[in-house]
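Engineer: If you read the sequences in order, they're chains U and Y. Mind the numbering: the first sequence is residues -5 to 782 in my numbering, read in order. Mind the numbering: the second sequence is residues 134 to 447 in my numbering, read in order.
None of these hints come from the bench; they were simulated from the model. Heads up, some of the hints might be wrong.
List of simulated lysine-lysine pairs, DSBU-like, C-alpha gap at most 30 Å [unchecked claim]:
(1) Lys206/U x Lys402/Y
(2) Lys475/U x Lys514/U
(3) Lys406/Y x Lys210/U
(4) Lys210/U x Lys402/Y
(5) Lys101/U x Lys323/Y
(6) Lys323/Y x Lys9/U
(7) Lys335/Y x Lys387/Y
(8) Lys475/U x Lys449/U
(9) Lys323/Y x Lys406/Y
(10) Lys723/U x Lys210/U
(11) Lys286/U x Lys300/U
(12) Lys335/Y x Lys406/Y
(13) Lys485/U x Lys475/U
(14) Lys335/Y x Lys402/Y
(15) Lys402/Y x Lys323/Y
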Amino acid sequence: MSEFDRLPRHPWLDKLLANPQLAVADLLSGRANKSPYARLRNAEFLYQILQNREGLDAEYDALETALIGWLDARRNENWAARTRRGMAAYIGALIEALSAIQMLSLKRVAYQLSEQHNTYLRWLEPLRLGTASDPALELWRCHALLPQDSHYLPYWMRFCVEAGDARPVTYLTVALQGLRELPTGQANDNLRYALRGLAQRYLARQNTSEAKNEFKQYHATLHYSYPRAPETWRTVWDAALEGIARADTIRALLDGKTDTKPRKPDTKKTAAPCLDPSRFHAESQALANELKSGKAVTALWPRIEKLFNETVAYCRHSGDSYHFVRSLCRVGDTALKRTRTPEATARALLAWLPEALEWERDNPHVWMLWAHCLDKIGVWDHCEWVYWEMRRYFPDDEHCRTELARLLMRQGREAEAVGLLREAAERFPDHEPSRIELARLLMRQGTQHYPEAEKWLREVAERDPDDEPSRVILAHLMMAKGEEHYPAAEKWLREITERHPDNAHSRVILARLLNLRGDKSAAIDLLAELSAENSTDKFAETGFQSQHSDKDMPQICGEKNKVSSIPILSYSAAVSPIASPDAPIQATAHRVHYETCDVTQPLYRVTTPARPDALTQAAAQAARAAFRLNLQDAGGRAELETLLDADPDDQLAAFYLAWVDSLPQGYAIPPEAYALTMAGAWRAPAAADWEELVQRFPLQRHLTWALRWLACLRDGAPLLDGDWQPLDKFAQADAPHPAPGEAIVARLVREWGRVGIGQPAAALDARAQELIALNINRNLDPIAFATH
Amino acid sequence: MTSTNPDLQALLDTLAASANDEEAAIADNYRFEERVGAQRQQDYETGLGSPADYDDWLGCHNGDHVANLIKAGGSQFVPETFLAVNSTLQLSAIAPGEDLIRLEDLRYPLSKSTAELTSVQLADLLARRDQPEAAATLRTFVDEWNKARDNWPMFGAFLGDVQEDAEPDDWPHRLRDRLGLEHYQGSATKRIPVALMRYPAKLVLDSAKGDERIAAAFALPTALDGELNRVYFPAPSGHPYGATLNLAEPWQPKLSAEILNLRIDYQPKHLWKIGEIVRPVAYRNLRAQRDQHLALLRRETGDTAYGQLMAGRS
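Generate coordinates for the entire structure from the input sequences, incorporating the hints supplied.
Structural biologist: The structure is reproduced here in structure tokens:
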């Protein structure tokens, strides 16, 4: 070896061994003497002096330990410490640390980052300064470049589609790198995923010339980096396009490339039978039907589990989650709606949810199934977090509000429940359940609330002549109001029994009313008739028996005119998996710590129940506190302040406080923190430089412009035509809206128009808050993988 | 440059007299600087506070000044070099047709590309750039590289000035030495992939348009425009450009004009050559190298009082 083959050991390495923490801190703060490599970036410097690991194990070990410590120390700093030397310096140092991890393949640090992905992501996500200065992107690169399990596959597939829209275009590179490094077990699986990702990206981008050029460019790049014979390429393309609805569009695009063009699908299937998706729909439908018909879920479980296993195998094979998630939701929902479904079923379903949520994080049905499972097994606090996060993630979902309100009602938190139901009733005038639930709750709160309850119920009943619950509850309300209202109650019940003579429930109530009015024989006739029609109808039998034993009547109908006498209907039990309306009373006593609970039925696979992780809980807690704050509950503000005090990276808590201009004194707003910036712009839109905001936050440009529009509506000064047109054009375009809130904005713009439809300022305020909050913590895993 | 900050001046005096070659060289760089505007100097020295020692200065300069004002991140960031505060050093008379060259370290961009190319593959692509697939792959690499580059000032040289070192096969080492790029220290086992970039000045001039904050697209380099670097050497005010410290051994009596230009987006056609640096720099005596360079600068500019030789100082 000549002298040129040896570079002298750099003195910094001795400092590293002597005091790793100090050496790394000095390096990343610019204090270290890197000479003669002064002009190298810090990551490049480390690569330069540590490139060959041989003989440097101690140095590597010291560096990894120190980097973990350094990153955690930076993460735990408050904002004042972070910005002491300037935000750019702070972010630049993070980029260098994360880049060094990639360049030197520091697996121990990478493992640490992966283990605490959510914690790091939440810290790094708001610190993006641009495509080259994006600490969160560097975190993903660390995951992408180092060996991982297939946990990140859904992310890489998602990034392929979202890059350039919902997140910077650089995420496409990270996604393709991640797919390349994925341990798959099959030689061409990595390429197949990458091609599928590219195909899905192209299809999502609406066949534009820009999308076409990009597709061709990346296709050529993959072609270069995956050297395969043309026949292999054709085979891999065939597999990659399997199950894609518009695969012919891709085939047409590749038409000029005869050497790699995938074949037209033919009858000769090369894929393994279990990967054929065509039978999944029929099988899941059949299972759902059998469950509905009353077949025991335990008897069906082997088939259910087989279906889930096959669909998830297809999902992992193809990157297409449709069949897996739809099967899970359809079968899971159906099973949970049956009151006799055992808890173990919910536990078994929970075991599938982490994967479903990874693949379709933005699918409210998956979240709802998650909540229902938690509810079924009695973990109501976790269930509540899921609902609060649903309310934030899916602001246009009425169902989650109603379900959350039901849960809160069971816990005796009626003020919050009423707030939620009012919100839902006002926001969703065409949806009945929230109004009916609100009316029920108001009735429980006392006679002074009867008029409002009646208003809501009448709205529903008058709009929908077929609606049974509203009429039955109206009848109950009339009965509770006193004898003079019995005729009105009978009118409502007769309406529904005439329209739906097979509805046993309303006929039983009618029989009870007739009994109360003294017409006992008519009541008995009605129940006898009902009993004869359906001898297995327990409800009718119960009613029939009760008519024969007058002593039961006071318990059922209670003393007239007393609030507590209003029977709790089984409505909620009929539409949700919530088994008993009395559950809240038992909640504390019966709470199940499911993490440690054995699954006793060997039929089910060993479960690792999903639960909301600490960050999801924190986010939900912030959302709940903000809701309380909006309800004028002083506890809400205090809760937000406590959350922010405990964790300065809690962007959601910071945002909700910023919204009411209550950020703690000295809290420095990160330069690229969209939500915090927009909170200020919303409060004082005239002082905001909207053009600059659009430029500064290009990924949220449509949302920013929409917020300006909403602010103008609130302030009674509609946007000028010139400003309105681009927003209108965006809303009218038939294009996907992958950025958070964009789809909602597009719909509002279309429905409300430039001058709005007279929404009150408070409603616009709530809308704006929701839309901005959607942009916080969007990258976070909704689920932690419990290892108990 | 005489510091208006007494603490810094005291430190400069101490370091300049130090037996430590590197610390003396870096102090000289600051002391010899004649071209930094008064306002910029004052801002810098105010921001510096009271550095107690060399490490303190290093930390403030690299970790604060450079990290926030010269090499910060963000698509909206403009380095101080090109802002009005540095107007005395900005160049507006560069002919658009002039070709600029720049030696780029490829380790970072190669590690961040989709294709995860090696330098050999990149050279292969370059050789086959007429073929559509190679051209597309090259385009992907360059696009991704651009997205991984911040708006940092780019040191560049004029092709016409260094052509004799850019043409031969050994261009990576010759240009490395000629342009004073000491941080590219390769060896047979630590091969540094480099690219020789060649781009027209017009592209740089065009990139300055449309942003009112940018006072000029080109500037003369100073000690404040990069990290504290022992092989940087300021040029006297009479010199039209920067002058790189030649690192060749034996020393070559050549001054090469260097300038700073605004960041541009590279295009595949700017990738002129791909090579590797497989030898460390050969010079051994920093003081001798700098003194020879200073003597040459004095001769070329006629400013015989410029700077101070290191020989005999300690």
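Engineer: Output the numbers, in ascending order, of every earlier hint that fails for this structure.
Structural biologist: Of the numbered hints, all hold.
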